[in-house]
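**Q** Please work from the sequences and hints to get the whole structure.
Going letter by letter, the first sequence gives residues 6 to 281 in the numbering used here.
Everything labelled a hint here was simulated from the structure, so no lab data went into it. Every residue gets a Cβ at the ideal spot worked out from N, C-alpha and C, and that includes glycine. There are no misleading hints in this set.
When the alpha-carbon atoms are kept at most 35 angstroms apart in a straight line, the in silico DSBU-like pairs for lysine-lysine are as follows: (1) K158 <-> K213; (2) K138 <-> K158; (3) K158 <-> K217; (4) K161 <-> K138; (5) K138 <-> K214.
For each label pair, taking beta carbons as the anchor points, the in silico distance ranges come out as: (6) P134 <-> R271: 20 to 26 angstroms; (7) A132 <-> R57: 14 to 20 angstroms; (8) P93 <-> G202: 52 to 58 angstroms; (9) R117 <-> G45: 24 to 30 angstroms.
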Amino acid sequence: MPELPEVETVRRGLLPVLEGHILARVVARRPDLRFPIPDGFGQQLTGRRVTRLDRRAKYLLIHFDSGTVLIWHLGMSGRVLIFEQDAPPEERHDHIIFETDAGAVIRFNDTRRFGFVDLVDGNGLEAHPMIAKLGPEPLDESFDAQALARRLKDRKTPIKAALLDQTVVAGLGNIYVSEALFYAGISPRRSAGTIQGGRAVKLVTAIKKVLKAAIAAGGSSLRDHRQPNGELGYFQHNFAVYDRQGQRCPGCDCTGSIQQIVQSGRSTYFCTARQR
DNA sequence: CTACCATCCTGGTTGC
DNA sequence: TGCAACCAGGATGGTA
Numbered sequence: 006m007p008e009l010p011e012v013e014t015v016r017r018g019l020l021p022v023l024e025g026h027i028l029a030r031v032v033a034r035r036p037d038l039r040f041p042i043p044d045g046f047g048q049q050l051t052g053r054r055v056t057r058l059d060r061r062a063k064y065l066l067i068h069f070d071s072g073t074v075l076i077w078h079l080g081m082s083g084r085v086l087i088f089e090q091d092a093p094p095e096e097r098h099d100h101i102i103f104e105t106d107a108g109a110v111i112r113f114n115d116t117r118r119f120g121f122v123d124l125v126d127g128n129g130l131e132a133h134p135m136i137a138k139l140g141p142e143p144l145d146e147s148f149d150a151q152a153l154a155r156r157l158k159d160r161k162t163p164i165k166a167a168l169l170d171q172t173v174v175a176g177l178g179n180i181y182v183s184e185a186l187f188y189a190g191i192s193p194r195r196s197a198g199t200i201q202g203g204r205a206v207k208l209v210t211a212i213k214k215v216l217k218a219a220i221a222a223g224g225s226s227l228r229d230h231r232q233p234n235g236e237l238g239y240f241q242h243n244f245a246v247y248d249r250q251g252q253r254c255p256g257c258d259c260t261g262s263i264q265q266i267v268q269s270g271r272s273t274y275f276c277t278a279r280q281r
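**A** See the structure below:
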């Protein structure tokens, strides 16, 4: 799915067309995505003004003047497209359509339908089952080496798997975990509990660095992600290891090449010389 | 606790 | 060229 940088890119694209605007029309073109679309979805949002547009981990949180919050997860293949005028015909996987009082059209297109939306009262947001268990935001100042080390302590699972666990740190996915471990010089196979002290400092630094760089690049366009204006993100050109198996390691003079392994069913990419 | 697996879907790529 | 198997950025719940 879109990971944190891609969702943040979508949020930034939506800001100018949504924040402060009223939804003039909201249509769900099918009854379900990953989960059923809430009853009265369109009716609850139509005529409401967007007061705030937040992101938590990989979730978009759209606050309305009614007190309702739209929780929106893009799944693995979800795309948000914005047309400020002259929207082209709807396409096959355009599942939800929003139109604003200014005439902007926003479409949620999701071929695999792993995405979902839910509506919750703002007071209950933190208790929502999808939100309540999330770990710290990796770009928050409070997410530091101590915070990470504490959450990894005594865990025997490989660090790769631990970083994909959204209760450890929220927002990383398969791409940025490989990238962050590369910059930290840590093997994806290393037992998570051994990431303490200096290693934790390196890993936190690497996580923040790679996420910030990816956001600045508009995310990564591998298969599905596009910026909401339709442009491709370009961080995929800056991957150090992801999807680069067999290529030379960009970070050291080692003679080896980038290895691809499978951990808990997902591909991992790393340099065996540089990452220990 | 941990590791592993299947599952929800569609579509692009790979290999025969 | 056809076709089937496999793979993909996620997250959960079940099993052993």
